[in-house]
Amino acid sequence: MDERRGQLTVKLVYYGPALSGKTTNLVRLHDLLSAELIGDMMTLETQGDRTLFFDLLPVGFAAPSGLVIKFKLFTVPGQVAHDGTRKAVLSRADGVMFVADSQRNQALNNGASFENLAANAASLGMDLATLPLVVQFNKRDMHDILPEDEVRARWSAAPWPLFFASAMEGRGVLESFSALLARVYERLDQEYALGTAHRLSQAAFVDAVGRLS
Amino acid sequence: MIGPLPSFDRAADLEELLRALPPARLKDALDRTIGGGWRIVAPCGRVLKEGGDLGAAATIELTLTVEIDVVGRLVAPAGLRQGAEAAAQWLHLVLAGARRYQMASDLHLEAVHADYEALQAKHSALQASEARYRTLSAELERRVLAQVAVIERTQRQMFQAAQLAAMGSLAGGMAHEINNPIGFIRSNLSSAARYLAQLAAVVEAFRRGDGAQAQADCARFDIDFVLADFDGLLAESAAGADRVAQIVGSLKAFSSVDRAVGPADLNEAVRNAAALLQAQLPDGIAVTLDLHALPPRACDLARLTHALYALLHNARQALAPEGGTIAVASGVAGGEIRIAVRDDGCGMPDTVREHIFEPFFTTRGVGAGMGLGLTVANDIVRAHHGRIEVESAPAAGTTATICLPLEAQAGTGGHA
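Line order of the protein sequences matches chains A and B.
The opening residue of the first sequence carries number 1 in the working numbering; numbering runs sequentially from there.
The opening residue of the second sequence carries number 1 in the working numbering; numbering runs sequentially from there.
Just chain A, same shape as in the assembly (with noise of 0.2 Å):
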């Protein structure tokens, strides 16, 4: 926040095993959103489809009261190797999208990256218990993908939504996203008062950068 310049910079981070579609779930969100402000999609040093650095996609609308938040999406390397690179993309990050891979061989990469993310949150002093997140099983058009049902089940005692999509053909990845700005607003909300101080509601702030083009 800088009250300065009456900003409101917020980060949310694609976090997630290698190959699970996080930049291509950026790609979409670029061509989808229709928000005030939509930048360019910054992509740093990729090696064939993956990852070096990160992505950037800036998004950002003025409140009612005049208040111009600002949205960084961030997308982290997904390769194990590139650890130091992912944890300072999700420092400071006010929120997570965790896209997974629904193929079944990918079980084991989800659930390393998963512990990944919460060892390297903990680490940076952030609570996966009240940091936004929001869980995104990619790749449903993928062959031998693990069943609704199945991840469901599996996933039925965490806290977080849980979200299907397909990056590829632009399913769920919307929806995925209001969801984790949804989870975002009650956050910022308490710290900035985004409801009585600038007359923004929760659906005003979905709407305003989750709307479809």
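Treat the hints as calculated values from the structure; they're not laboratory data.
All values reported here derive from a predicted model rather than from experimental measurement.
Do not take every clue at face value.
The calculated label-pair distances, taken between Cβ atoms and stated as ranges, are [what the hints assert, rightly or not]:
1) A:L108 with B:P43: 41 to 51 Å
2) B:C44 with A:A158: 20 to 30 Å
3) A:A107 with B:Q82: 27 to 37 Å
4) B:K27 with A:L108: 51 to 61 Å
5) B:Q127 with A:G125: 41 to 51 Å
6) A:A107 with B:S129: 55 to 65 Å
Even glycine gets a Cβ: it sits at the ideal position worked out from N, Cα and C.
Given the coordinates of chain A, work out where chain B should sit on it, guided by the hints.
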């Protein structure tokens, strides 16, 4: 140590981004594109860069953005709008590039820093664990040494105990064996004394010239028998004394009185051990020796006598009370001196054979044996770089063979 780092995703700052561009080239490019005076201004109004003279003429302001943030303005004469717009366009591209570079390099630094800290943590954890293992290893070594000392001391005590036990049981048997000849030598001597008195009486009568008395005494004392028996008594007593001497000699060899390590004939050990056992055997049990010439070999003969005695003693224990045979054979085969002690006794199953060299393992009743005989025998033979082979089956007898390499190796000499 790296100081606090600026976060890579901090808000874009025009001044910082411009710093990454070569100032002279930037100015030259803006001069040429706009074709007049210009100014780059931060959001707060501060002039960051300028070129030419804007004069007092009307100006236009074009916003400069990075990502979705307005980071400043380009101010140019209103009359040069086209050039100014072109300049703002390429400035946008250049700033985006500078921003990319800044974020990437700052993120790289942060990541390296995080990796470095992770490595540091891992390193100190490793160091701690290494120190732990080093302490543990030192402690283990100390305990092993202490344990080895205990084992060596126990072994020495065990060896002495076994030796004492063997000596004790020997002493019992030997006392009987020595008493026997002493008994008949004593009885022979008293007979001899009586015979001497009778002979003296005959000689006395003869000297007096009393031939009739002498003749009568001769007949009365049966002097012919006395003379013949006297001879026999002496021969028997001499044999008895020899036997005692022989037993004492064997005992001496056994008791390590003349302990020496040097080339020796192992058959001597066999003979001594066999003599000691033989002295204690009832009539039904025979010990046969089939000894072939052996090359002298450096060894502790007394100790090897012990070992052989232990094997013989065991063979004797395996025999039924009513009798059996023990055969000892020596010879050279396959570069080894081999001394085999074979009995036709009860034999033993494999389950027993596996344990015979273990200390305090015995199949005899409580008090009948310590279970150390074969343990000590094995130790003695191993100290001579040899081994004991045991073949046995229930009811088929047992053959225990001491095998010693012909050439004594360094360190031969037995126990401490």
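Hints, one by one, checked against the model:
1. A:L108 with B:P43: 41 to 51 Å: 49 Å, holds
2. B:C44 with A:A158: 20 to 30 Å: Violated, since C44 (chain B) and A158 (chain A) (Cβ atoms, about 47 Å apart) do not stay within the stated range.
3. A:A107 with B:Q82: 27 to 37 Å: 59 Å, violated
4. B:K27 with A:L108: 51 to 61 Å: 57 Å, holds
5. B:Q127 with A:G125: 41 to 51 Å: Distance hint for Q127 (chain B), G125 (chain A) is violated at roughly 26 Å.
6. A:A107 with B:S129: 55 to 65 Å: Since the Cβ atoms of A107 (chain A) and S129 (chain B) sit about 32 Å apart, the hinted range of 55 to 65 Å is violated.
Going down the numbered hints, you'll see the structure goes against 2, 3, 5, 6, while the others check out.
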